[in-house]
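> Both chains come to you apart, so use the hints to assemble them.
Going line by line, the protein sequences match chains A and B. If you read the first sequence in the working numbering, its first letter stands for residue 5, the second for the next number, and so on. If you read the second sequence in the working numbering, its first letter stands for residue 1029, the second for the next number, and so on.
It cannot be assumed that every hint is accurate.
[As the list claims (entries may be wrong)] Computed list of lysine-lysine pairs in DSSO-like fashion (alpha-carbon distance at most 27 Å, straight line):
| no. | chain 1 | residue 1 | chain 2 | residue 2 |
| --- | --- | --- | --- | --- |
| 1 | A | K125 | A | K93 |
| 2 | B | K1082 | A | K93 |
| 3 | A | K11 | B | K1068 |
| 4 | A | K132 | B | K1215 |
| 5 | B | K1035 | A | K11 |
| 6 | A | K103 | A | K87 |
| 7 | B | K1215 | A | K93 |
| 8 | B | K1087 | B | K1035 |
| 9 | B | K1258 | B | K1101 |
| 10 | B | K1101 | A | K103 |
| 11 | A | K87 | B | K1101 |
| 12 | B | K1068 | A | K87 |
| 13 | A | K11 | B | K1087 |
| 14 | B | K1071 | A | K93 |
| 15 | A | K103 | B | K1258 |
| 16 | A | K33 | B | K1258 |
| 17 | A | K93 | B | K1068 |
| 18 | A | K93 | B | K1087 |
| 19 | A | K87 | B | K1049 |
| 20 | A | K103 | B | K1087 |
| 21 | A | K87 | B | K1035 |
| 22 | A | K125 | B | K1082 |
| 23 | A | K103 | B | K1068 |
| 24 | B | K1035 | B | K1049 |
| 25 | A | K87 | B | K1258 |
| 26 | A | K11 | B | K1071 |
| 27 | B | K1035 | A | K103 |
| 28 | A | K93 | B | K1033 |
| 29 | B | K1087 | A | K132 |
| 30 | A | K93 | A | K11 |
Hints were generated in silico from the structure; no laboratory data involved. It should be emphasised that the depicted structure is a prediction, and the values quoted were computed from it without experimental measurement.
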Amino acid sequence: MTEPRPKIVGFCCERHGMDAVVLAARSGKQFEVSVRLVQVPCTGRVDGMHILRSLEEGADAVFVLGCLEKNCYYDTGSIEGRKRVGYVKQMLSELGLEKERVEMFNAASSNSWVFPEIVAKMVEVVRKFGPVGGEKR
Amino acid sequence: MIVAKRKPLNEIAEMLAPYKKVTIIGCRSCVAICLAGGEKEVKMLVSALKIKNKRDGRKQQIEGTVVERQCEKEWVQEIEDEILDSDVTLSMACSLGAQTIGDMYPKHLTFPGLNTGIFGVPEEQGVWSENCVGCGNCIIHTTGGICPIARCAKSMLNGPCGGSANRKCEVNLEVDCAWSAIYDRLKLQNRLDLIESVTPAKDWSASHSGGRRVIVREDAKLTQHQKKGKGVT
Ligand code: SF4
Ligand code: SF4
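So that you can see chain B by itself, here it is in the shape it has in the complex (with noise of 0.2 Å):
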C-alpha cells in the first residue's frame, strides 16, 4: 500500500492560516491503514487546529470529512459541496487524492496534509518498509523474491557490492543488506546459481524516467458510444 506521514502541524497550520473555512478530507484506503490520513487521524487533526486557534485567537472554521479513496473522482463527487464551499481543502490523503481534488476543481486550492512516502508493507505494528518503488518492469523471480532496486541503497542489480558486511549495508549500518537477504533466499530455494550468474542493465524505459506513465487496459476502457451513454464527455 502507499504510505504516507503526517506533515508537521505547524507546517500544516501555517499553510492554513490566510483562510476563513477549511475543510479537511481524509480517506478510508491505505493512509487510514497506515494510520496517517484515516477517520480518526481526520479528527484529531481538526480538534488539534481548533486548540491552535483558540489559543491564537484566530477565527477559522474547520470542518473534517472522509471519502472512501480520495484518488477516484466517484467518491471524490460525493462531497463536491464541501470542498467548494471552502476557502481551501487539506487533503489527508496520498497525493494522489490530493492531486485528483486539484485536478477535478482546479481553480480551488487543494494542499497536501501528508508526505507521501513509499509502496511499503507493514513490518509490524506501526513500521511500514518500502519493498517496491514501481520501476515498471519488476524482476524479482530472478533475485528470490526480494527487490534490489527498492532493497538496495545502490539499486545494484548483480550485488551485493564490496561494502555488503555482517548482513548489513555499508551506506547504512542500520539496514539490512538486500543482495545479502537475497543471497539467503536463493539458497534456500537451490537457486544460488542465479546470483552467478550477470544480470544485463536493467530496461528502464518502463520507470520514471520519461516523465508521467499510464497504464492502460484497453478493453477495460469505454467506447465513445458508452461514454455518451454514461454521460461522460
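Extracted from the complex, chain A is given alone in its bound form (with noise of 0.2 Å):
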C-alpha cells in the first residue's frame, strides 16, 4: 500500500512569493507531496483564522510565502504576514499542538531554490509528527 502523501497548503503572495514559485516550477521538479498554493494579494492578508482552518479541513502543516521583508511589494505586509503565523503557532503551543507545522518563509522572485526547501522542510515536519489527527506518515 502507498503512504498517503502529504497534504500541505501554502499561503503565497502575488509578488515575489509567487514569482519564486513559478520560477521553481519551470524547473520542472516533480514534488512526492500535494501542496495546495493560494495566493494572495499580501501576505498581510493572511490571517490567523485562514492558516487555522487549513490545518482544521486537513492540512497537515501550512506555510505562509512573501516577499522579503525588507524588500515587500506592500512594504510591511510581510512583517505582518509573520505575526499571523506567530501567533497561531502561540494557539498550537497552548494547546499542546505541535507549532512547527505552521511556517512563515520568505523569498525573492529570483529565488528560485527557495519554494523546493519550503516542500522539503514541511514534509519533514509532517513525516515527524505525522497528520493531526492519525499515524504517523
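And the structure:
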C-alpha cells in the first residue's frame, strides 16, 4: 500500500512569493507531496483564521510565503504575515499541538531554490509528527 | 472600553472537555475592538479546538456565533436556541456578557472564555492602558484630566509619593508616575496651585466597597403600566 502523501497548504503572495514558486516550477521539479497553493494579494492579508481553518480541514502543515521583509511589495505586508503565523504558533503551543506545522518563509522573485526548500522542510515536519489526527506518515 | 484577554487555550479546552456540545459566543462590541472575543477570535478558537479534538480523538460538537452586544438581553435572546441546544456555552465577551447569559438561563452552563481586565484606552495598536477603575466619584477635573486612582499604584490623592523619580513609579520603574504626569499637565494648564492644595479623603461610598452597584436613571425606566404594554414582567 502506498503511503498517503503529506497534505500541505501554502499561502503565497502574488508578488515575490508566487514569482519564486513559478520560477521553481519552471525547473520541472516533481514533488512527492500534495501542495495546495493559495494566492493572496499580500501575506499581510493572511489571517490566523485561514491558517487554522486549513489545519482543521485536513492540511498536515501550512506555510506562508511572502516577499523578503525589507523588500516587500507592500512595504510591511510580510512582517504582518510573520506576526500572524507567530500568533497561530502560540495558539497551537497553548493546546499542546506542534507549532512547527505552521511556518513563515520569505523569498525574492529570483530565488528559485526557496520553494523546493520549503516543501522539503514542511514534508520533514509532517513525517516527524504525522497527520494532525492520525498515525505517522 | 472594556478590555479583556483570551484565557490560555489549554485552560479553555480543559473547561470544555467534559461536554459533548459546545456553543462559543463572541461579542461585536468592546471585546471585538480589543481583539479578544469578536467574530474572528471566535472562528479561530473554534478551529483551534477542533484541531485539538482531532488530535485527541475527542468527539465534541463545537459551534461559534457572535452577537452585537452580549451584555444586553435583547441580543442574547436572538440566539437562545443555539445556547440552549448546547451542553455548555463559552462566552467570548467580557464577564458582563457571560453573566447576562448566565442570568437569563440559570440552569444552563455558561463559562468565561476571556479574562476581563480593565477599562482601557488604546495606547497604540495592540496596547491598551487602564485609565479608570470606575470609582463612582470622578475627580479628574482637579488632576489635570489624569486619573490618580487608576494610574497611580497607590491611588494617592495628594501625590506624588516620595518614591517618584525621573517620571517613573517606584512600584515599577517601567510605569510612568501618574503624579508626575499630573504635575506636567497642571503646569501646562497654569493650574499648579491645585497640586499645592490638599485634597481631603475621597468619599468612597460610591465605589465598589458597598457591594454590587446599580446606576438608575428614573426617567428612562418603564412604569408598571408601560411594562405590561410591552409584555415585560
Ligand atoms: S476618579 Fe474615579 S471615575 Fe474618575 S477616572 Fe478615576 S477611577 Fe474613573
Ligand atoms: S511613584 Fe507615582 S504612580 Fe507610583 S505610587 Fe508614587 S505617586 Fe503613585
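> Each hint: holds or not?
Hint-by-hint comparison with the structure:
{"no.": "1", "hint": "A:K125 to A:K93", "verdict": "holds, 16 Å"}
{"no.": "2", "hint": "B:K1082 to A:K93", "verdict": "holds, 17 Å"}
{"no.": "3", "hint": "A:K11 to B:K1068", "verdict": "holds, 25 Å"}
{"no.": "4", "hint": "A:K132 to B:K1215", "verdict": "violated, 64 Å"}
{"no.": "5", "hint": "B:K1035 to A:K11", "verdict": "violated, 31 Å"}
{"no.": "6", "hint": "A:K103 to A:K87", "verdict": "holds, 14 Å"}
{"no.": "7", "hint": "B:K1215 to A:K93", "verdict": "violated, 48 Å"}
{"no.": "8", "hint": "B:K1087 to B:K1035", "verdict": "holds, 22 Å"}
{"no.": "9", "hint": "B:K1258 to B:K1101", "verdict": "holds, 15 Å"}
{"no.": "10", "hint": "B:K1101 to A:K103", "verdict": "violated, 39 Å"}
{"no.": "11", "hint": "A:K87 to B:K1101", "verdict": "violated, 37 Å"}
{"no.": "12", "hint": "B:K1068 to A:K87", "verdict": "holds, 16 Å"}
{"no.": "13", "hint": "A:K11 to B:K1087", "verdict": "holds, 23 Å"}
{"no.": "14", "hint": "B:K1071 to A:K93", "verdict": "holds, 16 Å"}
{"no.": "15", "hint": "A:K103 to B:K1258", "verdict": "violated, 54 Å"}
{"no.": "16", "hint": "A:K33 to B:K1258", "verdict": "violated, 71 Å"}
{"no.": "17", "hint": "A:K93 to B:K1068", "verdict": "holds, 17 Å"}
{"no.": "18", "hint": "A:K93 to B:K1087", "verdict": "holds, 24 Å"}
{"no.": "19", "hint": "A:K87 to B:K1049", "verdict": "violated, 32 Å"}
{"no.": "20", "hint": "A:K103 to B:K1087", "verdict": "holds, 23 Å"}
{"no.": "21", "hint": "A:K87 to B:K1035", "verdict": "holds, 20 Å"}
{"no.": "22", "hint": "A:K125 to B:K1082", "verdict": "holds, 23 Å"}
{"no.": "23", "hint": "A:K103 to B:K1068", "verdict": "holds, 20 Å"}
{"no.": "24", "hint": "B:K1035 to B:K1049", "verdict": "holds, 20 Å"}
{"no.": "25", "hint": "A:K87 to B:K1258", "verdict": "violated, 50 Å"}
{"no.": "26", "hint": "A:K11 to B:K1071", "verdict": "holds, 22 Å"}
{"no.": "27", "hint": "B:K1035 to A:K103", "verdict": "holds, 19 Å"}
{"no.": "28", "hint": "A:K93 to B:K1033", "verdict": "holds, 18 Å"}
{"no.": "29", "hint": "B:K1087 to A:K132", "verdict": "holds, 25 Å"}
{"no.": "30", "hint": "A:K93 to A:K11", "verdict": "holds, 18 Å"}
When held up to the earlier numbered hints, the structure conflicts with 4, 5, 7, 10, 11, 15, 16, 19, 25 and fits the remainder.
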